[in-house]
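Chains as they are written, first to last, in this note's numbering: chain R, 1 to 114; chain B, 1001 to 1116.
Hints are computed from structural coordinates only; laboratory data are not their basis.
Hints are supplied without guarantee of correctness; some may be wrong.
Only some residues are given here: those of chain B computed to face chain R with a beta carbon under 10 Å [unchecked claim]: (1) TYR1025; (2) TYR1036; (3) GLN1045; (4) PHE1051; (5) PRO1079; (6) ALA1092; (7) GLY1109.
We treat Cβ as the ideally placed atom computed from N, Cα and C, and that holds for glycine.
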Amino acid sequence: ETGVTQSPTHLIKTRGQQVTLRCSSQSGHNTVSWYQQALGQGPQFIFQYYREEENGRGNFPPRFSGLQFPNYSSELNVNALELDDSALYLCASSDNGQGVSEAFFGQGTRLTVV
Amino acid sequence: AQSVTQPDIHITVSEGASLELRCNYSYGATPYLFWYVQSPGQGLQLLLKYFSGDTLVQGIKGFEAEFKRSQSSFNLRKPSVHWSDAAEYFCAVGAGFSGGYNKLIFGAGTRLAVHP
């Protein structure tokens, strides 16, 4: 059984650029959630995908968008990057978007916007 | 509003001493509660969870937590801390649906330092 994997591990982008982060969910999981963790803070919920549909969204602007694929892997896209987007982006997978199963986190992608 | 408060930003204990990390939550329905640990530059590892039933829950690495509905608390404890326990600890509540959840609301975290 493989865990949650994220790529890349580190990324440096320039303000105004676009970025795509990737997440492979744990085997058997159909739900992926994305979180943003700024330095020194707790993770903040961006959105969740359940069986390829968005299943809830946090307080993030539309330039944060996502996809989930038939194999339940997921992408997080951020357009028009701002300096404040610099953070650790965490992906979590679980096996039911409306249930009570626990979420397993990947190691994260460290995004730096300069 | 749903929220999680971890009153202690930093805690320092001596190796072998007992530990209690505090967590208070604000949530209208039955809470689904979690404690996660994060080592520097790493993702989150689940220590334990409370969904229902026995209010004292056991987790990995010798940790336990007690759910107290009357105090809206879910404090994490360990009887004897090891140097490898130094990390950041996050309390979280599951929210979003009645009878389930689709997101985790995290506290700001407590950074634990362990002195030899």
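### Query
Among all the numbered hints in the text so far, which are the ones the structure does not match?
Violated hints: 1 and 5; rest satisfied.
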